[in-house]
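Participant: Sequence:
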Amino acid sequence: MSARTLFAILVALPLVRADGWDDFSNNLATDLAPFLSLFGEQITKQYLSESITAIDYFIFAMAPMGILTAVVSAIRVCGTPSLRAFIGRAQEGAGNAEAELCSSTSRDVCELYNSGGIARVFGRPKILEVVHDADHDFSDSSDVTAGIYTFQDYVLGKGKNLWKEEKPKIKSNDAELARGSDPLRELDTPYTAFAPNLSLNIGIKKQSTAVSLTIALVGLLLQVGVLIFAGVVTYYLKWDKDGSPPESYACPLVITGTVLVCGGMFHCAFLVGQSTKEDVWLREENHTTNPSMYWIQPGGQIIGDQTFDAFSYTDHENKLKKYTTSRKDGSEESRFEVWAAIGTTISGFVLQFTGLRGIHSAVSIAQLGVIMVMSMARAALRMQRLEPDDNCFAKFPDQVLGHELDWLALRIGRNDIEKDVKKHTDRPSSKLSSPSQSLTSSSVSSSSGPDLQCRHFWRLRGAPETNKISRENPSAHEPKKAAAKLLAYRTRLASLTISSTTPASNFKIEMVEVRSESQQLAVLIEATAKTIFSKAEIKTEWKDATSMFWGIDCTLYKQNKDLPNSWKNHTVYLEFTQDPDNPGNPWMLKSKLELEGILGLWVWSLKSDPAVETEDTVTGLKRSTADDIQARRIVPTDQAREPDLGIWLGDEINIITEYNLHHTPAAIGDAAIGDASTVWTKTGGKDVKYTRNFPSAAQQGSPPRVRFFGWKAAQLPQSPGSETSSLWSAPIKGSLVSMCAQEVFASFITSMLDIVNGVGPVDVQEAEPFRLENSLVTEIVGLFTEMGLGSRQEALFCVIPLMLPHLKMPPTASTLTVARKSATQQRRRKEWKKAEKMLRWAWSTCTQSQSAYTNPALEDGIAEQATIALGELYRWALVDETEKPFGKDGISWLEQQKSSQSVSTCEVIDRYVDVANRFTQYEASDADLLTAMEKGCLTSALLLLTHPVSKMRNKQKRKTLFLAAKYGWAEVVLVLLELKSEPDVRDAAGRTPLSYAAEKANIGVVRELVDWGSFPNSEDNEHRTPLSYASGAGSYMVTELLLKDSRVSPDNRNKKGRTPLSWAAGNGHDAVVRQLLEIDVDIDASEDFGWTPLSWAAINGHSAVVKQLLEADVNVEPKSSDGWTPLSWAAINGHSAVVKQLLE
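Read in order, the letters of the sequence shown correspond to residues -18 to -1, 1 to 1126 in mature numbering (1 follows the signal peptide of the UniProt record, and there is no 0).
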């Protein structure tokens, strides 16, 4: 508009009549404008709580609204108790006013995300704010940050060159700080902040400074324009009010009052704003480092009557340029300032109100218009706020509950996973369910790129095949792999939320689903390590160890929407330490939080699997059904089919069930099969099916599903053409977290047993129901249940299958051995009935096991030995005059069992029946006993031994024991040993009864002698041991028994240098040769003439043995002392088959 036109309008204005307008608007304008400016509580509080700069205060003061609220706010924040009493707030705590009116966070006030907005709440809720440096150097093992810092630590350390403080806060009275010390370390700086300021940093998308200045200038011009307009209307246009000139005081009061109101409102806003201190950091442009910030709010927090959902936000795609922290200023404002602000504002309002009542109503309308315009302008400054979809958890707030840290770790580590699995792509698969963008580990509303529609998972596989437990970290000299980085991220997040100096970051234990279980698991693992080192037979090289590294196999898996999936297997190591100056100290995990990381990443991966997701049709929110899936623990097939496990488990064995697994042939090699992430669908009975084309969700009415744990124990066919497998399993009743914790514990037990030679002796639980027990197993099971990891039943299935292979003898033999020892003690205490109960249980177990074993040779004679043990109890009863009826009744009971027993067992029973029938007709003597022994009459020997012969001379005992050992009469050996015959007595050749029993392949006698203390590696005059004789005789079972004893040397040489392998090879015992080759003996051991096991086999033409030795890669051309080779010997002796083998 030109100046000339404006001048014409001003000249014409005096001619305008305002009477009609004044009549119409007088009551409306003169009352509404000032009263509207007086109220407006909520918008005033909102603006004040988000104002931290002078420009904010100035905008607030131009054409203000909420005058009364501003005055009350200044009093609440800065007023004295007496002044607060004037407004009814004398008892109000500082936290209430801070939550409503200030921008700061403190011990009492925090900001939380709430359904699309930022809510300031009174209390101490939890929220985590971190900075992730993607360029972190993992080579420094002493740096445990994993590149994740709080903002306060980051700007003080690694990020001090990236973030620069805009306005350092240095108090004038802090002389030391003024002299140059770091202002960031001031006591009240954000270094000790309580909680992050969400609204100042991410809640409001701030306008530029230019926009704020423009609004401030517009507000000033508008407000000044109203005052000019009031002067023009009054003095130039001379508009009447109600037909008469305005009062002379009206215009001056309007101008004065408005200036005072604006000044007072500025002062009130200033007092409220300056009650807090803000530190502002600006990100340097074009810096070489480009870290990202993350905010995580755990879900399920209840503040008052409101529950807050989980929330996560990151500036990964749109970097935060300005970071602000606000905190309460501890200093108090002077009373004069508060009173001045209050007085100025109130007096200004009174003057303005009085003036507007006396001036023409057009001025009131103008003021009203300016108030409305500035209210909209102030709102526009705060209009762009956080959108609901900006929350990374927007689509699955319930599913992620308790796993926010696990999601964040996978989100931070997604680039590491992408690089790691890049070259490990599996076969093309059918399309999987379309994963929600926000549920992916890479999800952000603004994210883009090839990984937008993919998910990343961490899957635990169990103990590694090698390096289960190591004294040094096998990966120490390698670059940190993706799995180790991922674990480091999660461990760091755990440490920040469990021991932070910031109260808001110290998550309650229930906010992290796996935290309680992981802490219990850590205590259990440390206690178990201590128990194993104190009770088990530890390998020599580990007895002086002060550190050890426990390996855990895991898989990083990337699941794509339309592209082939990919994965990579890794092994991560957890370190145990022990004080080297105090070896008695228990083993301690160096970082217990690593267990939380392993559990958390695994459980979240299982819960976020598309195969277990369902979507609410109304809200569209996703939830996981992982906790609803039945779980079972796999039992090794060979143990489930044999009766040994039942001897340990008792009635618990009845819950083991065989399942038939149906899968596509290619699935055997799939990374999705063979661990607990696989979800099987029941198709009927005990048949379950797995397909790689997952359903998008668990639908209502869909078939039941099952998940198997303990896949390391599974024995699935590896043939690519196989479509059906079977496995045995027992049900698990606990939560998904406890199941995963049990699996981790089982992995630890498996690894620890790798450094153990033996797990200690086996006993029988004396109270019914009878079962085998081992002190180490019992204590570990007790620790398992005490720590609340699961039920006793679950502990048994978790521990016992792992322990069975480490016992020194087959479990069934153990059953008989320990039951017999216990029964013998009971018999000596005259507790005949107790002894009978225990031996009948052992007899029943052993007789059933012999028929149930898939390889009966492995338990050769065990039923006969059990029958002998029971028969011996009754025979001893015949010796006792008061117990003769008990003995006769017992033998009669044995006779009644013959119909269901084997021929050899029946023969044993018949002997004891014959002894009972002929008992009264004999009178024992040493001569009769020796005669019976020399004639080989076992029944007569037993009959004679039934009479009291405890005074038999030692010479006769020794002779009788040698004869019984040679004959294989286990019952006679047992009686003589009970009569205190020396088990390791030697004859003129230096041989012991055990040596003769081993040579004769009398497994029963060998067991009895070893059980009674005979040394299994004793040498005779020719330096031959029982193993040497057993190998030469081809006794598979005796060899098996002796090799399980750690005291036996498998490479022991006789005087001529021959080893057990040499004897077995020379005599053509290929089964024994196979046994010895499996334990890594010296396959090329040569005797004095230079003959090796291959030489002996070739000399005697044993082609089957030659074949085994050649497959073991023996030296094919060893030369004897006279220059002959195995080929020479085979040729000269006419063994053409062997010659052909050696030439090939």
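Rather than coming from a laboratory, the hints here were simulated on the basis of the structure. Since this is a predicted model, take the numbers as computed values, not measurements. There could be a bad hint or two in this list.
[Claimed, not checked] Mimicking SDA-like on lysine to any residue, the simulated pairs with C-alpha atoms at most 20 Å apart in a straight line are:
1) 880 with 862
2) 462 with 982
3) 463 with 521
4) 301 with 276
5) 572 with 454
6) 521 with 743
7) 982 with 1094
[Stated by the list, open to error] Ranges of calculated distance between the beta carbons of each label pair, as one might list FRET restraints:
8) 747 with 397: 53 to 61 Å
9) 972 with 1070: 16 to 24 Å
10) 524 with 917: 52 to 60 Å
Cβ coordinates follow ideal geometry from the N, Cα and C atoms, glycine included.
Participant: Which constraints among the numbered hints does this structure fail? Numbers only, ascending.
Facilitator: 1, 2, 3, 7
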